[in-house]
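Visitor: So the protein sequences, as listed, match chains A and B.
Residues in the first sequence are numbered consecutively from 1, following this note's numbering.
Residues in the second sequence are numbered consecutively from 1, following this note's numbering.
Hints in this document: simulated from the structure, not taken from any laboratory.
The reader is advised that the hints may include incorrect statements.
Claimed, not checked - In silico DSBU-like cross-links for lysine-lysine, where the CA-CA straight-line distance does not exceed 30 Å:
id, chain 1, residue 1, chain 2, residue 2
1, B, Lys-33, A, Lys-248
2, A, Lys-248, B, Lys-255
3, B, Lys-34, A, Lys-161
4, A, Lys-167, B, Lys-2
5, B, Lys-234, A, Lys-165
6, B, Lys-376, A, Lys-275
7, B, Lys-34, A, Lys-248
8, B, Lys-418, A, Lys-189
9, A, Lys-240, B, Lys-34
10, A, Lys-74, A, Lys-59
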Amino acid sequence: MNWNFQEIQERVEEETQGILSAQDLEAFRIKYLGRKGMIQEIFASLAGLPDEQKPLVGKGANELRSRITAVIEKKKTEIREKENQARHPLMDITLPGVAPLAGHRHILTQTIDEICGVFERLGFTVQEGPEIETEFNNFTALNIAVDHPSRDAFDTFYLDKPDPKNKGRYLLLRSHTSPAQIRIMQKHKPPLAVVVPGRVYRPDAVDASHSFMFHQVEGLLVDRHVKFSDLKGLLTVFCKRLFGDKIKMRFRPHFFPFTEPSAEVDISCYICDGKGWLVHSPSAKMSLPRDPKGSKGCSVCGRKGWLEIMGCGMVHPHVFEAAGYPQNRYTGLAFGLGVERIAMLKYGVQDIRIFFENDVRFLEQF
Amino acid sequence: MKISLNWLKDYVRFGIPAERLAHALTMAGLEVKKISAVDGDTVFELEITPNRPDCLNMLGIARETAAVLNKRWKEPIVRGLKYPSKKCTIDVLDKKGCPRYIATLIEDVQIAEAPRAIQRRLTALGTRLINNVVDITNFCLIETGQPLHAFDYDKLAGGKIVVRRAKEGERIITLDEVERPLDPSILVIADAEKPVAIAGVMGGKETEVEGNTKNILLESAYFDPVLIRRASRKLGLSSDSSYRFERGVDYDTVKTGMDRAVSLILDCAQGRVVRRSDVAAAFRRTRPAVPLSVERINAFLGADESASRYKQILKRLGFSVAMAAGGVLKLKAPPFRADIRQDVDVIEEIARISGYDRLPSSLPLIQAAPIQADAKREFRRTISDLVVAQGFYEVVTYAMINPESLVRSRQADLEGIKVRNPLSQDQAVLRPSLLPSLLSAAAFNINRDQKNLKLFEIGKIYLPLGEQDVLGLVIMGQHGRDWRRQENSETDFYDIKGAVEHLLSRGGLKDVQFERSDYAWFEKGQGACVSVEGSSVGMLGKVEEGVLANWDIKQKNVYFAQLDLERIWSHCALKQSYRPVCEYPAVIRDVSLAVKRDIDFQQVKEIAFRLGEEILSSVQFREEYLGEKIPSGCRGMVFSLIYQSSERTLREDEVNALHGSIVQACIFELGAIQR
């Protein structure tokens, strides 16, 4: 018998087109590869062929078999895919997913945790103190004379609750977290490394940057040889962790009754990058000579290029004395910062009242 | 305080531009808040900290500028004054309140405008011009820091000055034309009859120097800072004078300030000095000698500088410095530096002038913390996490509230701590409950169309016994929104109960009970007291409709819970331990009963557990059923009894027997009907 492989090949191609289902495919397979299929037939016919034709036909049959096998595999995949598609219709993957129930912690709580977290990783412990305090802890022990102008910065709400230890005086709502320092020092001996977060109260009229209630984080490190340089180093690490490595910092002499020397810490303004002015403003009315043309003063830092973020200093000897520590044995550093201010700077919140309105559309942003 | 740079240049010469000077002063602790250009002059607005009253004047700033820039400065030249020996009649009755009082009587002055030079200086700083005499007193105040006051001598009754406390009922009309009541806590300057000035605060209208004034009595004094501060606060009146007296003026400048003013008046307004008195109590400010070793300075600052460097800095600041043996500096602060009292004050001066930015920086060695972290704070954090995981949003609300909001919440009976000096009624009382705070936060959101709320606060309430940490929860509206479902169910009682149950059980609390309880702010029959091991830890329930109406909340289903975190903490099992998971299969049998309305599920549970022996592991509620098929006055309950042993596989017959007896007991004891 004469096998025209080219013709067979063409026929196979043609039949392939007609295979639509698994059944068609099976019939096709049996026809060619089955026990009585064409390939078998070709091999069976080898015996009757002249010797010189045998290798040619054998080779042709092998090639045909592998070609058909490949075709079957390809078709099999095609058919399976088609069937799958029929069984599982296409999902509209652009429909919204169903949101899991998820709550939010207030951004102030998150900020407090972030601040405390930096210090905890540096070896500090978090402690707390009461909000209802005595005049002694809030003022006297912190070297703030009750009748001195230095007290002006710590205006205070007094409560209708007599101070049991101080006749004729009343308890108050702490105006800063520093009284917690006194309580901690009265209870523990150095070495001490604590941070104290909490709410504080001052009778300030409420506006975009003032609130009669706000939050502070206070820090205290006391040991035999704490140095002013430690204060600089520690707070530099803190500010860079909180605001990023790129910020510039400066320590500016200041006055707090409970620290000496005292400093305020400024970081470079994140809006104007410490320049004090912003480029591109048609209404550049009040630019100083140093500002380039067409720029306008930065309102976030008040054109100073610096943002004041915390107060700090070396613990005043009078404070150690009030805490009952022996004279000249210890030195310490202390710092305090306003949580709302940090959050406002970090997240660009322009009005402090937003924190206490608790609009859920605000809360769910964090 | 404002200063003028042109004026500053009268005393100290510097070539650097204004901005660089501002930076130098700021970095030395005199913060320049604002720079503005005024009429060919530059004005700095400085923030002078309360410890530096010596800088509340041009000469003080000049001294400071000279120290910072390492330049020389010079004082104004005061012409040689010869005072007559005749005295004024001065009677200082309160010597403690007024340790020094200098009066100078100048006759025949010509009241006119002040010279242009003085006017320009004053206008640059925004001071109102009056006449030559008053302008000169203002000029001297700004220049030297010594407040001065000029009286029209002819209007002083008896030509006499008495420094005394005001008498009860006395009044005075001050220069600002306000009549002010006085009392014995206030120090006044009086003539033979009545107060003519509030000492250190403001002069009286009646003895004011005017166009027709001929003879003036000029006053320069030192008043007790505390007394002036109290008077100024009491009267709600502060002035450039009181600002300086409160902070403390310099004892010596009482005289030099007077001399400067007298010499200017004689130059610009003619007149002649006819009488003068200097009434000084035996009061001297002595500057203590502060010994300080170079070693101590270096150790404190973490620096490594030489004695001569420190000596040089302190000399620039006007300290007298001598070297003693062993690297010790013997120091004396200049007389105007009342703030320098001990070694750390001197160290700050060194640090300030060296420049904080130029001092070294190091990392402290923090020893292993001997103080335990605050465990209660961590517990609150755990609770907060559990609540957040349930989809609640944390709010932060004010601790002080309007007492009226307690009335609105039907909690007027709760006793809050009153604030003695609130700014408004909104802060008049410390909250004794979180309900008003949370309702107020909810109302704020509802007004902004946010009606599906789950809010919580972990904060304090304030009771007569003290402050207490509590957790407050409020739920309303629909939650778990899902577009695949047609309807979302409205919040009900079991949502708030579930929230509380979940966090108590995750908090490791055992024996939690909910007992029906009446609260004025909850709907009757829909409030519960939460107790743990028999003691109350809080409450929950449906907020009463009237309360909601008071808060303008139109939604009906609002649920509130408040839990005392301190008490929960005291019951909390700190140690958790592993309980093996049961290896044997559970047998579940459902029961459907119809019971009378007044039968609680709790009663069913009690019967089941009483009879359930070891093998009843739990009773799970499945469904409440109120359809037509239930007899009236009854409700249907479907629940599952789950039998399981941790030791063996249960036999069918033993479960059936026990289950049958439990169902029978329910029917018999509760009058239930099996369905």
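Visitor: Look at each hint and say if it fits the structure.
Guide: Structure-based check of all given hints:
1. Lys-33(B) with Lys-248(A): holds (20 Å)
2. Lys-248(A) with Lys-255(B): violated (47 Å)
3. Lys-34(B) with Lys-161(A): violated (43 Å)
4. Lys-167(A) with Lys-2(B): violated (42 Å)
5. Lys-234(B) with Lys-165(A): Holds, at roughly 26 Å.
6. Lys-376(B) with Lys-275(A): The given pair, whose Cα atoms are some 45 Å apart, is violated under the 30 Å limit.
7. Lys-34(B) with Lys-248(A): Satisfied, since the Cα-Cα distance of roughly 21 Å is no more than 30 Å.
8. Lys-418(B) with Lys-189(A): Answer violated: Lys-418(B) to Lys-189(A) is near 36 Å, above 30 Å.
9. Lys-240(A) with Lys-34(B): holds (28 Å)
10. Lys-74(A) with Lys-59(A): holds (23 Å)
In this structure, the earlier hints numbered 2, 3, 4, 6 and 8 are contradicted, and the remaining ones agree with it.
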